[in-house]
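Q: The lines below spell out each chain.
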Amino acid sequence: AAGVIQSPRHLIKEKRETATLKCYPIPRHDTVYWYQQGPGQDPQFLISFYEKMQSDKGSIPDRFSAQQFSDYHSELNMSSLELGDSALYFCASRLAGGTQYFGPGTRLTVL
Amino acid sequence: DAKTTQPPSMDCAEGRAANLPCNHSTISGNEYVYWYRQIHSQGPQYIIHGLKNNETNEMASLIITEDRKSSTLILPHATLRDTAVYYCIVRNDNYGQNFVFGPGTRLSVLP
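Here the protein sequences come in this chain order: W and Y. When the letters of the first sequence are read in order and numbered with the working numbering, they come out as residues 1 to 111. When the letters of the second sequence are read in order and numbered with the working numbering, they come out as residues 1 to 111.
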């Protein structure tokens with residue numbers, strides 16, 4: 001069965017640079033969630049989209065933005081990167097009324 | 001969402017059943033109980049969920065008490081590959097809410 005695809009799987013950036021993470025949901029899933037997991041921490045919700053509209057917002061820094069496109073894929077844009085942004089970033093997708101399925105994650109390292 | 005309480009860690013012998021408890025005493029009538037696990041920095045993996053009745057699938061069984069204030073995830077024959085952090089999450093599916101993780105139970109399956 002098709003799963004959630006995230007790219008890239010690994011990303012290394014310098015401080016103050018920008019990064020774009022991509023998420024391709026399971027086909028026909030209409031909702032996308034982004035989570036951040038710092039070292040030794042549990043996943044924390046950042047933001048979600050339903051039918052291309054932002055549906056909920058968590059502890060997402062103002063330096064981050066995201067959107068969901070017409071093909072339902074989503075991108076998380078991160079600017080002015082800080083050392084503390086180094087983390088695993090997970091995307092999950094869901095069909096309304098169904099269960100969230102997570103992707104393999106993108107490991108971002110900020111040097 | 002209702003708050004959940006899980007033991008921080010548990011051990012289980014390989015081949016034996018692993019019983020992971022979760023307390024959710026403030027659960028409301030329309031909130032589901034979800035179980036996910038995370039194997040060393042991989043994306044959280046869906047295991048099972050339920051509302052009132054006990055549920056079973058190819059991975060596990062979920063036993064929910066009659067008053068719904070607690071539940072137990074049962075892995076019938078634990079293997080070394082079941083070593084992971086297990087998260088019990090309570091959520092109202094009607095509103096597509098994001099998951100609130102943590103801190104979960106770190107299950108170690110011992111040979």
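What the hints contain is simulated information worked out from the structure, not anything from laboratory work. Nothing here was measured: the structure is a model prediction, and the numbers come from that model. Be a bit skeptical, because a hint or two may be false.
Only part of the chain Y face toward chain W is listed, based on derived beta-carbon distances under 8 Å [unchecked claim]: (1) 12; (2) 13; (3) 17; (4) 42; (5) 50; (6) 97; (7) 98; (8) 108.
Glycine included, each C-beta is placed from N, C-alpha and C at the ideal position.
Q: Of the hints stated earlier, which fail here?
A: 1, 2, 3, 5 and 8
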